[in-house]
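Participant: Listed here are the chains, written in short residue letters.
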Amino acid sequence: MITGDVVGELVCPAGTPASLRTAVDAGADSIYCGFQNATNARNFPGLNFTPKELAGAVDYAHERGANVLLALNSYPPAGKFELWREAADLGAELDVDAYIVADMGVARYISEKHPDRRLHLSVQAAAASPDAINYYVREFGVKRVVLPRILTIPEIHEIKAEISAEIETFIFGNHGLMVEGRCSLTNYATGLSTNMDGVCSPAHLVEYVKDSAGNMSSQLGGYTIDRFGPDESAGYPTICKGRYCNEVQPDGYYAFEEPISLNLSKLLPDLMEAGVTAFKIEGRQRSRAYVRKVVSAFRAAVDDVRAGRDPKLADLVALTEGQKQTEGAFKTKKWR
Amino acid sequence: MKPRLTLGPIQYFWDADTKRDFYARIADEAPVDTVYLGENVCSKRQPFFDQHIEEVAERLTRGGKRVVHSGLAEVMLKRERKSCADMAEQGMLEIEVNNAAGLFHLPEGKPHRVGPYMNAYGEETIAWMVSKGATHVTVPTELPGSSVEVLAKTAAKLGIGLEVQVFGRACLATSARCYHARAYGRTKDNCQFVCEEHSDGMELNTRDGQSFLRVNGIQTMSHSYVNLFAEVPAMAAMGVTDLRLMPQDTDMIEVARIFDDIRDGRGDMETAQARFDALSFVAPPSNGFWHGEAGHRRITAKAAALA
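Protein chains in written order, with our numbering: chain P, 1 to 336; chain Y, 1 to 307.
Any given hint could be a false lead.
[Claimed, not checked] Here are some chain Y residues pointing at chain P (derived, C-beta under 8 Å):
#1 N119
#2 V150
#3 R177
#4 Y179
#5 Q192
#6 E196
#7 R207
#8 V215
#9 G292
None of these hints come from the bench; they were simulated from the model.
Backbone N, C-alpha and C define an ideal beta-carbon position, used for all residues, glycine too.
Let's have the full structure, built from the sequences with the hints guiding it.
Facilitator: Following this line, the structure appears as structure tokens:
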């Protein structure tokens, strides 16, 4: 059970039952996961849980004192709410410890139908101010907010002073650039929506096209997201990590952000000091080996900080995207 | 029922004189019923035009337009929170809320409109919003027509307006980072208002030469102009009450007149197409989102069938 009293609760991703067991064994306090459909924002092929798998996963976690958080954090379009309603009811039946939600209709349904279960506000709700957070707290009894990756630590501190909800922040993994829950870039290129279908840069619409000179175009839905020379290794075409051209930058530049990962390992004490309750590791699409390595490293780090020791962090750079890491907005306003 | 025509808020950073001239022409010449005023994108731009809103609203009202004050889509800083609170508390103009921070400040049950950035995708979501005083909802630009059809019925049952963007670039994403400043090697705090350079957004083309996106400060937009003129009769039939035209740096009076003729059943689609062609837009039209396809696409066959 989550009480919110544990400072430094480690919230880890699981895309499969095996990953969930790995995360629990590696020391995760909580694991977040979703069903195999559009009800969550990582609706990727081969990922996520059947109801039966989730039942087993909840048992496994609970027997070991860990919590399971069910992500229902996409936006049901008109005519499809039933899928989210079923998922919410199923979650209660399977005894998940909390729901992670973004849509107001979903939040209202759970707050009325399953009032005893914790509601966490997903980063997909894009609540970046005390006022927005307090709206969800007041209307739906939200107990925890997952903050967008756009705030500095002093700003997080100020938010905490004005809200009653717990704060969860991302500390490692994909460095999301756009305001989450407000991005239709993938849908513009592919016809599949991040908000409605839970899809971002779907793999079946990715192509790598080589020209006669050996340059590789990495494409999504027919749009070249980046082009790489013969000596560069071609990256996955995520729209907000691509290189583009215009009159200001005719040769191509990372218009939004470089392929880079968030790594806040050095800032853990500052985040705790700022009032952050839970640390979230991104990556439900990642392998078990990745989950094991990252979760173990952060388990040790959080325990060190709690015990007043300097955290000794294993080198995680090898696991980051493009082998580059950043502290993003958390470190400085100049990031914006 | 004949849908109303609305003019959405200007997304780009046009200087105050340009905006005042633009709205004066809209007041006198554009056959739109409602005009949304205010800054959706960047709070740094607000001081330049906020001081003129009252005067411009008055001008538009004299021209027979209904005026709605539209608020920020992203709210993070103190000045942005204050802007939301001020808007919620003022009683002069009808308001459109675009961030949950704006909802927080609304006095209990105060009537308001819900803007396209509020993610009103479904019936349950809209029913909730209406229970808190929403009188009118603009759906997200990416919502397909099949879902809009369901929502139009819900809206009619709840007695509220339902609005769809039918013209202009789609806003595809918002960020905390200013991509306009970034292109010039600056940050949001020292941007020197470089977004003013591009009155219709800054191009982002792919390295293989395809036109793809447009940057507008912290906002990323489609390169294509959404244009759902051929879908207007279908929207009217399903009960969409308001059609939103987003201002582009083009002849918006003529754009409004073309849509006005279509909603009134004057002239045919070929004539409308010819009039759009004559405007020589800087970007191609798209209607993919409405048809549940990739947003950039233009689905000709289906558009013709609906017309």
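Participant: Does the structure break any of the earlier hints, and which numbers would those be?
Facilitator: 5, 6
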